[in-house]
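Q: The chain contents come next:
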Amino acid sequence: MGRKLLLEKANIPGIRTYDVYRANGGYTALEKAFKMAPADIVEEVKKSGLRGRGGAGFPTGMKWSFLARPEGVPRYLVCNADESEPGTFKDRYLMEFLPHLFVEGLVISSFALGANTTYIYIRGEYAWIVDILETAIAEAKAAGWLGKNILGSGFDCEIYVQRGAGAYICGEETALLESLEGKRGNPRIKPPFPAIKGLWDCPTVVNNVETLAAVVPIIEIGGEEYARIGMGRSTGTKLISACGNINKPGIYEIDMTISVEEFIYSEEFCGGIPNGKRLKACIPGGSSVPILPANLLLTTAKGEKRMMTYESLADGGFATGSMMGSGGFIVLDEDQCVVRHTLTLARFYRHESCGQCSPCREGTGWMEKILNNIEYGKGKMSDIDLLWDIQAKIEGNTICPLGDAAAWPVAAAIRHFRDEFEWHVLNPDEAQKANFGLRHYADPIHVATA
Amino acid sequence: MARYPDGKQKSALIPVLHIAQEENAGWLSAEAMDYVAELLSLKPIEVYEVATFYSMYNLKPVGKYLFEVCQTGPCMLNGSDDIIAYIKEKLNIGVGETTADGLFTLKTVECLGACGYAPMMQLGKFYKEHLTREKVDALIAECRTVAAANN
Numbered sequence: 001m002g003r004k005l006l007l008e009k010a011n012i013p014g015i016r017t018y019d020v021y022r023a024n025g026g027y028t029a030l031e032k033a034f035k036m037a038p039a040d041i042v043e044e045v046k047k048s049g050l051r052g053r054g055g056a057g058f059p060t061g062m063k064w065s066f067l068a069r070p071e072g073v074p075r076y077l078v079c080n081a082d083e084s085e086p087g088t089f090k091d092r093y094l095m096e097f098l099p100h101l102f103v104e105g106l107v108i109s110s111f112a113l114g115a116n117t118t119y120i121y122i123r124g125e126y127a128w129i130v131d132i133l134e135t136a137i138a139e140a141k142a143a144g145w146l147g148k149n150i151l152g153s154g155f156d157c158e159i160y161v162q163r164g165a166g167a168y169i170c171g172e173e174t175a176l177l178e179s180l181e182g183k184r185g186n187p188r189i190k191p192p193f194p195a196i197k198g199l200w201d202c203p204t205v206v207n208n209v210e211t212l213a214a215v216v217p218i219i220e221i222g223g224e225e226y227a228r229i230g231m232g233r234s235t236g237t238k239l240i241s242a243c244g245n246i247n248k249p250g251i252y253e254i255d256m257t258i259s260v261e262e263f264i265y266s267e268e269f270c271g272g273i274p275n276g277k278r279l280k281a282c283i284p285g286g287s288s289v290p291i292l293p294a295n296l297l298l299t300t301a302k303g304e305k306r307m308m309t310y311e312s313l314a315d316g317g318f319a320t321g322s323m324m325g326s327g328g329f330i331v332l333d334e335d336q337c338v339v340r341h342t343l344t345l346a347r348f349y350r351h352e353s354c355g356q357c358s359p360c361r362e363g364t365g366w367m368e369k370i371l372n373n374i375e376y377g378k379g380k381m382s383d384i385d386l387l388w389d390i391q392a393k394i395e396g397n398t399i400c401p402l403g404d405a406a407a408w409p410v411a412a413a414i415r416h417f418r419d420e421f422e423w424h425v426l427n428p429d430e431a432q433k434a435n436f437g438l439r440h441y442a443d444p445i446h447v448a449t450a
Numbered sequence: 001m002a003r004y005p006d007g008k009q010k011s012a013l014i015p016v017l018h019i020a021q022e023e024n025a026g027w028l029s030a031e032a033m034d035y036v037a038e039l040l041s042l043k044p045i046e047v048y049e050v051a052t053f054y055s056m057y058n059l060k061p062v063g064k065y066l067f068e069v070c071q072t073g074p075c076m077l078n079g080s081d082d083i084i085a086y087i088k089e090k091l092n093i094g095v096g097e098t099t100a101d102g103l104f105t106l107k108t109v110e111c112l113g114a115c116g117y118a119p120m121m122q123l124g125k126f127y128k129e130h131l132t133r134e135k136v137d138a139l140i141a142e143c144r145t146v147a148a149a150n151n
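From first to last, the protein sequence lines stand for chains B and U. In this text, residue positions in the first sequence follow the numbering used here: the first is 1, and each later residue adds one. In this text, residue positions in the second sequence follow the numbering used here: the first is 1, and each later residue adds one.
Calculated from the structure, these hints are not laboratory results. Model, not experiment: these values are computed from the prediction. Be aware that one or more of the hints could be misleading.
[Stated by the list, open to error] Listed next, with one range per pair, are the computed distances between beta-carbon atoms:
no.	chain 1	residue 1	chain 2	residue 2	range
1	U	Ala2	B	Ser153	16 to 26 Å
2	U	Ala25	B	Ser382	43 to 53 Å
3	B	Gly154	U	Lys125	46 to 56 Å
4	B	Thr135	U	Ala25	25 to 35 Å
5	U	Leu103	B	Ala434	36 to 46 Å
[Unchecked claim] Covered stretches of chain U, as calculated for chain B (at least 3 residues, CB under 8 Å):
no.	segment
6	99 to 107
7	136 to 144
Here a beta-carbon is modelled for each residue, glycine too, at the ideal position from N, C-alpha and C.
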């Protein structure tokens, strides 16, 4: 059993309410933090090695230390709760079931940053969670953890929940700020970074829900202790949203010391693949990150066991590795079609492109059309190279990373499953009725069974 | 409005459009958007450009019950194609269409963050998860009963 820091109390009945949360040690980290100097809290977070849990994995303490502090200008903390990356549903779990842990993390972080106003930007579809959060905020305020002069510190803080209205792009931090200002979610050109010019041109820190919740255990146990959990630069615990063809889909907190194989097959986590099916492929970090065939998923190209850490998942770069990303772990069994799955992702990115940059606006549409042709028996061999060419021209040529996010799944699918695309083109009729299955592997039983 | 600094009332636009849509039978007419513009002292174009950007705003009338079924990768792996086909057959409408009695509209949407509980749909404020054909039948029946009781 790995160590649990975020979900440790998730199964206590009534933990969603203030009284139960408080009776189980809630808000003691906040009390501790308010006896510290804000700069020392930032130091603790730096020491913890906590990396942004939204997907980019940027060190949180460093991000905080970049925040500009000009006199007389308000600073803002904005929590990115726009969770929209396919395969990712962990922030929803935290907010829905542990709202007070989240609020406690928000108040501590606001104090550390000197932000008197903090906004939670939540995706519009999570409509019922807005009520849960607003109840928790009201309860925390009534108990004196929020509002004016918190614990006699002289520090004031208000937290507001703002709903989005359906736009993946608003998970990109500058698009999120535009949206919070009441505009279309078009990402801004960086620099200037939000730490200098963010919400209403004021210095702003934007952090993911899980990142801010993790501040609570960091203060509780100390940054150094937190950094001792995990491996290498993958410190602490990480929430993984597991889905696709597995026996036990859901949210798991891992301490980043287990292997991918253990995560998929152990009863403690995904519990294996249903109906005795074999593993075909997996997208380990949300739809944007490269898909890996079973052999490269379980073992790196160097022949080492692949671990559930930032470093190990990325081992081999994009040629043979992938990324931790947001922790959206999508498993495909032997009956799944990589072409069809890639088509759904291409359609997603076409739908979600904000339209600001031509390579992304046009390229995502072309990729969807070409994949649609291949999937429905109208593809040509040259289409596969054309797809490759288009994705390569999107990557790195857009204002924000949505272009890369749209390009990578297509690139990785062709890189690792070109034979399946070719089979679709060469056998259009058969591909309508049957699946390519595990023919990709010379020795599928050996490769796909743990 | 107090949650935003002075002069930043434009930030209220997205939340206010949600309310306007709720009050206007689930969609945003030009009149509704113009009213919001006036309310927030914005130019109508500032409202239109936002309303057309975000997928939750419906720019034409929808049925009393809007079935928003997710069709992205993780839901597809768990049979969302079949659920969508079943709803189409059962209600005899295509995607984006409304039943003749004005009760149901079917809309396909992209990832709603319920991948572990797939296939799923949003119905009003809440999610309906682990969908099966039987659950779809029950949902449709329930909607019809509630609608009949309200008439």
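Q: Within 36 to 46 Å or not, the Cβ separation of Leu103(U) and Ala434(B)?
A: holds (39 Å)
Q: Quick one: are Thr135(B) and Ala25(U) within 25 to 35 Å, going by C-beta?
A: Once the Cβ atoms are compared, 29 Å apart, the range 25 to 35 Å for Ala25(U) and Thr135(B) holds.
Q: Closer than 8 Å Cβ to Cβ for three or more residues is the test here. Does the segment 136 to 144 of chain U pass it with chain B?
A: violated (count 0)
Q: Please check whether the segment 99 to 107 of chain U has three or more residues whose CB lies within less than 8 Å of a CB on chain B.
A: Violated, because only 0 residues of the segment 99 to 107 of chain U bring their Cβ atoms closer than 8 Å to Cβ atoms of chain B.
Q: Check the following: the C-beta atoms of Ala2(U) and Ser153(B) are separated by a distance inside 16 to 26 Å.
A: holds (23 Å)
Q: Please check whether Gly154(B) and Lys125(U) have a Cβ separation lying inside 46 to 56 Å.
A: violated (39 Å)
Q: Given the hint of 43 to 53 Å, check if Ala25(U) and Ser382(B) actually sit that far apart at their C-beta atoms.
A: holds (49 Å)
The structure does not agree with the numbered hints 3, 6 and 7 stated previously, though it agrees with the rest.
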